[in-house]
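K.L.:
Single-letter residue listing:
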Amino acid sequence: MMEISNLSKTFTLHNQEAAVIPVMEGANLAVAAGECVALTGESGAGKSTLMRMIYGNYLAASGHIMVGDLDVARASPREILTLRRHVLGYVSQFLRVVPRVPTLDVVADPLLAVGTSRQEARARAGALLERLNVPHRLWQLSPTTFSGGEQQRVNIARGFAHAYPAMLLDEPTASLDPVNRETVLQMILEAKQRGVAIIGIFHDAQARRQVCDREVDVGVFARRVPA
Amino acid sequence: MTPLLQVRDVSRYYGPRIGCADVSFELYPGEVMGIVGESGSGKSTLLGCLAGQLAPDAGEVLFDTRAEGPRDTLKMSEPERRMLGRTDWAFVHQHARDGLRMGVSAGGNVGERLMAVGERHYGEIRTQALDWLGRVEIPDDRVDDRPRAFSGGMQQRLQIARNLVTGPRLVFMDEPTGGLDVSVQARLLDLLRGLVREMGLSAIIVTHDLAVVRLLADRLMVMKDGRVVEGGLTDQVLDDPQHEYTQLLVSSVLQV
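Protein chains in written order, with the numbering used here: chain A, 1 to 227; chain B, 1001 to 1256.
Honestly, the hints are just simulated from the structure, not real lab data. Worth double-checking, as some hints may not be accurate.
[Stated by the list, open to error] Okay, the calculated beta carbon distance ranges per label pair:
id	chain 1	residue 1	chain 2	residue 2	range
1	A	Gly34	B	His1095	36 to 46 Å
2	A	Ser76	B	Gly1118	30 to 40 Å
3	A	Leu141	B	Arg1148	26 to 36 Å
[Said to hold, decoys possible] Here are some chain B residues the structure puts well away from chain A; computed CB gaps all over 10 Å:
id	residue
4	Leu1074
5	Asp1088
6	Arg1187
7	Arg1193
A quick note: this is a predicted structure, and the numbers were derived from the prediction, not measured. Quick reminder that beta carbons are idealized off the backbone N, C-alpha and C, glycines included.
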């Protein structure tokens, strides 16, 4: 479902004496449907950078990023937008939303984007919020003022609202209590059973053992960078 | 799919100075594109050229008309272009007073657009106007007030209602949230986003506010000295800017 080959990334900082910082070289990774692969490596090894490149948020310097039939490294903005709407989900660590939009609509949004009726989208959003223990009284409020853990659960509900065949999860359990953490891990396992291909970053080693089939050390790609 | 708008090498000069030069892009139905850049970068000049308010010195602006498919709007006759401006296009100005008739009631401002496209039935006009004022959250009891008596945010919402009541396919917006309080801005952004989604609108938004484009625009073009220096997916351009100027722009935003 996802196949990365010979991928490299450099950052050029024009306003800091045009420093060129290579961060990754020759990255390879393949994830099949129903598989969950954990990206590991120390902080700064490029786990999030790799994930952002797969999502089209960072530009690749060279190489290929196949998600389904699309090479994200070469795709047009319009193709990437379609991919994100239908095929590739992303649960980031941060919740970025339009202020004032109620939580229920924030979660329902990805469903509306693929043409689900408002009623059905809200029902599905409500079920997810329920499952993740986001109290009913918060549903009509904007999540911008929520606690870190609540925001993360809203983010996860939003990420799982539409049944994407491929997903990227950036520390989905980082600020959750044990009960909610267990729920999220269960949701990941269910997604795998549905055949979803998943790439995740989990600092929680136990969570990793529970849901991931393999680990890939991103540090290896970082060390290939010519000194 | 046919692009709704195809812009090819549009240039406009002010004497020897460049207003905008060699701008090309395509906009597809349902897409929102942001254009950012500092004052004087040419973004408003470009918007004026696209919306038929300024005549470019070179280039083509092909709009996918309902009846005849893509046509160069620059080669249209003035009445044809004006008709487009009343039907398929809308223009939301930074200053609501440039887009409203200040001496006419709020309801009249919205109704007038409907009459301009041939609606004659008073009851129908009134109903539609009221519906739109409701959608932009202007209370029923303010319908007969003139926009002069409205706050800045309310004037801006009225301008949006006036523009969208005729069901346009392409909306040009020049700093739509400029000069408004942040709380009012948030409300307006929420409103615009909802309308774009529900009506399947395409839009081109000129702004210097990077937070606004992040929330509203799918794609982004960055302009400097009249030229497009970088373009791409909005979040990609903002999070991994390639051009020197974009990097400066992004890193100069104050954090709150």
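K.L.:
Are the hints correct? Go through all of them and say.
P.N.:
Status of the hints after comparison with the structure:
1. A:Gly34 / B:His1095: 36 to 46 Å: violated, 56 Å
2. A:Ser76 / B:Gly1118: 30 to 40 Å: Once the Cβ atoms are compared, 39 Å apart, the range 30 to 40 Å for Gly1118 (chain B) and Ser76 (chain A) holds.
3. A:Leu141 / B:Arg1148: 26 to 36 Å: 35 Å Cβ-Cβ, so the 26 to 36 Å window holds.
4. Leu1074: Per Cβ check, Leu1074 (chain B) is outside 10 Å of chain A; nearest 25 Å; holds.
5. Asp1088: Given that every Cβ of chain A is farther than 10 Å from that of Asp1088 (chain B), nearest at about 21 Å, it holds.
6. Arg1187: violated, 6 Å
7. Arg1193: Arg1193 (chain B) not clear of chain A: closest Cβ-Cβ about 6 Å, inside 10 Å.
Of the numbered hints listed earlier, those contradicted by the structure are 1, 6 and 7.
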